[in-house]
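Peer 1: Residue numbers (our numbering), protein chains in the order written: chain A, 69 to 212; chain B, 69 to 212; chain C, 69 to 212; chain D, 69 to 212.
Do not take every clue at face value.
In this list, chains with the same sequence are indistinguishable; a pair is considered to hold if it fits within one copy or across any two.
[Claimed, not checked] Cut-off 20 Å, straight-line C-alpha distance, at most; resulting in silico cross-link-like pairs (SDA-like, lysine to any residue):
1. Lys-114 x Gln-84
2. Lys-185 x Gln-165
3. Lys-185 x Arg-86
4. Lys-185 x Glu-134
5. Lys-114 x Val-199
6. Lys-185 x Asp-166
7. Lys-114 x Ala-197
None of these hints come from the bench; they were simulated from the model.
Number of protein chains: 4
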Amino acid sequence: MSPTEVPEHAFTCELQVRWSDQDVNEHVNNSRILTLTEEARVQATKAWTGVVPDARVVRALNVSFEHPIHYGPALIAHVWISRIGTSSFTFSHTLSQDGVRCAYIEATVVTIDPETKQSRPLSDQLRAALVPQLAAESVTGPGN
Amino acid sequence: MSPTEVPEHAFTCELQVRWSDQDVNEHVNNSRILTLTEEARVQATKAWTGVVPDARVVRALNVSFEHPIHYGPALIAHVWISRIGTSSFTFSHTLSQDGVRCAYIEATVVTIDPETKQSRPLSDQLRAALVPQLAAESVTGPGN
Amino acid sequence: MSPTEVPEHAFTCELQVRWSDQDVNEHVNNSRILTLTEEARVQATKAWTGVVPDARVVRALNVSFEHPIHYGPALIAHVWISRIGTSSFTFSHTLSQDGVRCAYIEATVVTIDPETKQSRPLSDQLRAALVPQLAAESVTGPGN
Amino acid sequence: MSPTEVPEHAFTCELQVRWSDQDVNEHVNNSRILTLTEEARVQATKAWTGVVPDARVVRALNVSFEHPIHYGPALIAHVWISRIGTSSFTFSHTLSQDGVRCAYIEATVVTIDPETKQSRPLSDQLRAALVPQLAAESVTGPGN
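Full structure from sequences and hints, please.
Peer 2: Below, the structure is given as structure tokens:
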């Protein structure tokens, strides 16, 4: 499976595009697409762990913009986990309109100590919540 | 030279961080950092070509967040060109505060036909404006 | 009827608050509340006239912030028309969470000529679409 | 003196408009104008009191948009105090480009207890810092 293919168990939500998300080019601005992606990621994390995440920072972003996103059509986000490391993990996201994939985004986040702001290993609790969201889960099994 | 090292001839500007650029974590939000990066890129393009760019779209972003950006200290952006292709080219940017590099960003943009919104080759005029901004220019010489 | 009471026929929609709409005070920032208000107004206008409005500008805003708006609870907007003039008209909006009114906003907009950007009288078509949305309509009757 | 005339002792700063502050109408969006106004108010408060304000909320806004604000020309903000009450006070702001006043904004803020989020009277220290910024100061004299 290509790492950018949406796994069947991905978290899915609809994001409300605002008229003001458009820039002078009359499509949603590229940095605003990352705001929408962040919102999808927060909603996914809340669904997976039960809480809005508060002790992590984004360390890296890799984004491919494939089609413009417009104000009007429903914007669908899919979110899953594509990598789990010691103190960081990677979200994969797609954003689609009218069945066409508009953007693929990878965001690597680091868990931090809220007091010191230093990175720290993922808690066992968080790791347990993330593992079932790994893309690889969807293809793991006797036949593979 | 590492591709992320700022060349001597890079465009430099100071960006005004706003109180509202902070998120609940009390640092500048990651997608807002890309808004600031966009502003640096627009200013660089205007300095290089004489006009605010209007016929291009961002195709890809690669971002490394290295230190948090805060409201208060001066935020310095450096912008240069790290690749020129047929119909696209890549900007490299760094953002620094107090002499510490906070983020490195590569943005690949595609030139488009303003009517059809389809990609088209870089004009000779734009290519001529971009070539002197290539990082490699700064180290090109007999010894290389 | 007080001018800030929601008439029964007001346009109603739910707005999606984003995690990023919060500022460092952990509630939705006051200028972001106006972005949300704008979104409600655009949706109301589309519902009333069939099109996203494109030839008008905001001339004045009067805003009363009554309770903080938070990320999480559903945010409900009500929109109606509280005044129709010759070349301008006034939207009234409320924003509520958990049944508590958080903000009341009046926005006066002016219709403009898209070419000259100068104000011009409301078209008969627009006036006909707005009149039924007037708050007063709901209390108009033989006794008035 | 008209309450919207800038007093001579007003705080003055230049705000950096960003390309992204424009909306599809190619001028700075009305809610973004309030973000810029907020930035001017934060800078003024820091200049007057020595600290970035952290225990206050905006209770009301009254805004008159007089001319569009564009990306490009320098944007100059003037900020002063137009009213001091028991637990609230009012900032007046103007925003100008090329010598033309584009917007006049009044923002009433309430000082709050950071723990309980309830309003509380202005501290003597804050009141002492605000009084010299009152518009009336500029016209106070033997005749008054």
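Peer 1: Decide, hint by hint, whether the structure agrees.
Peer 2: Evaluated hints:
no.: 1; hint: Lys-114 x Gln-84; verdict: both (18 Å within a copy, 16 Å between copies)
no.: 2; hint: Lys-185 x Gln-165; verdict: between (37 Å within a copy, 18 Å between copies)
no.: 3; hint: Lys-185 x Arg-86; verdict: neither (33 Å within a copy, 22 Å between copies)
no.: 4; hint: Lys-185 x Glu-134; verdict: between (35 Å within a copy, 13 Å between copies)
no.: 5; hint: Lys-114 x Val-199; verdict: within (15 Å within a copy, 44 Å between copies)
no.: 6; hint: Lys-185 x Asp-166; verdict: between (41 Å within a copy, 19 Å between copies)
no.: 7; hint: Lys-114 x Ala-197; verdict: within (10 Å within a copy, 42 Å between copies)
When held up to the earlier numbered hints, the structure conflicts with hint 3 and nothing else.
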